[in-house]
Amino acid sequence: MDSQVIANDPEETQSAHEHSPHLVHHYATMDQQVESASFGMWIFLLTEIMFFGGMFMAYLLYRNWYYDAFVAGSNLLSIQFGTAMTTILIVSSFTVAMGVFCSETRNRKGLVAALSLTLVLGISFLCMKGTEWHGIYVEHHVPGPNFSIETFVHPTDARDVPMSPDAAQHTQIFFFLYFALTGIHALHMVIGCSVLIFLLIRARQGAYTDGNPTMIHNFGLYWHFVDIVWIFLFPLLYLISRHPLK
Amino acid sequence: MSTPTLHKHHIIQPRLYLTILIVLLVLTATTTGVAFLDLGVLNPIVALAIACIKATLVILFFMHLRYSSKLLKLTLCAGLFTFTVLILLTLTDYMSRAWGLW
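Quick note, the sequences are listed as chains A and B, same order.
Counting from 129, one number per residue, gives the positions in the first sequence under our numbering.
Counting from 10, one number per residue, gives the positions in the second sequence under our numbering.
So here's chain A without its partners, still in its complex pose (with noise of 0.2 Å):
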């Protein structure tokens, strides 16, 4: 059946005789071979979503528990830095994007380009997160024992209402869960950023670029992945809380 279509389809069956330098023995055509590649890397996309699907949810759930705890421990988040981080990825997702392009069409320079932006982007990115971490570690708001609810029980703010010393504990699970789904996004940023200094030194060799661009496509895949996780952490950690229901 499969060599009935390949033989009716002139284009394949060029391919199909023409064997390709970089396809490996057991896979019958390129074809195969780079589509497996890409079942493979969204198989781990799917278990990453799941992965960061528990911490969204105990999010979702603490959220609707301790809602006015959240929405003081959301408010003390800056918007504005939110959105520049939010808009550092965006603009690394086009530019990896870009030297996905690059690396189809065989342009090395393209390509060295597009990747060094996207780890420039990715490292200040970084940077940015690691000073919100530092501006939130000086306000005594990590969670543990040095945890300081002075904020919440006597605001500064005029218009904010002051929280029952209790009430303003569960601060903390916000605090925890910032945290945890920003560190462990930043963890992934982090390996994002290794990989793509790995990527950054064999493109310059001419590797991705000699008509077989697997290695890109698949990070790729990551490094959007892990932009949509920011784009999905923007609204839940900055902006929805803004307006909280009486």
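Watch out, some of these pointers could steer you wrong.
Distance windows between CB atoms, simulated [what the hints assert, rightly or not]: (1) Q22(B) / L373(A): 39 to 49 Å; (2) Q22(B) / K374(A): 47 to 57 Å; (3) A212(A) / T93(B): 26 to 36 Å; (4) A286(A) / L25(B): 31 to 41 Å.
I should point out that these hints are in silico values taken from the structure, not numbers from a laboratory.
A quick note: this is a predicted structure, and the numbers were derived from the prediction, not measured.
Every residue, glycine too, gets a C-beta built ideally from N, C-alpha and C.
Knowing the structure of chain A, use the given hints to seat chain B on it.
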């Protein structure tokens, strides 16, 4: 529009990537702007709806899923389905046990 087949690898042009980038940035600005408006219960709904649109654009174009085989589309759908099961079943359990907290 013709359906792209598995056998022809589709190269997305930079023009399309740029369009998607601009749309994503506009949506980011929109969602940030909307956060400053008091829409009551609609605030989280609008924010998450915009996030879903952004994620869909990234998946379809940046991640090439629109031009990928049915197998890959099915893989993503399986992931989203499993994620929905995770959320729905866990919520069903909590909402039917934790009396007083809901």
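Could you tell me whether the CB distance from Q22(B) to K374(A) stays inside 47 to 57 Å?
50 Å, holds
Can you let me know if the beta-carbon spacing of A286(A) and L25(B) is within 31 to 41 Å?
50 Å, violated
Okay, A212(A) versus T93(B) on CB: inside 26 to 36 Å?
32 Å, holds
Supplied distance hint 39 to 49 Å, evaluated on CB atoms of Q22(B) and L373(A)
46 Å, holds
Hint compliance for this structure: hint 4 alone is broken.
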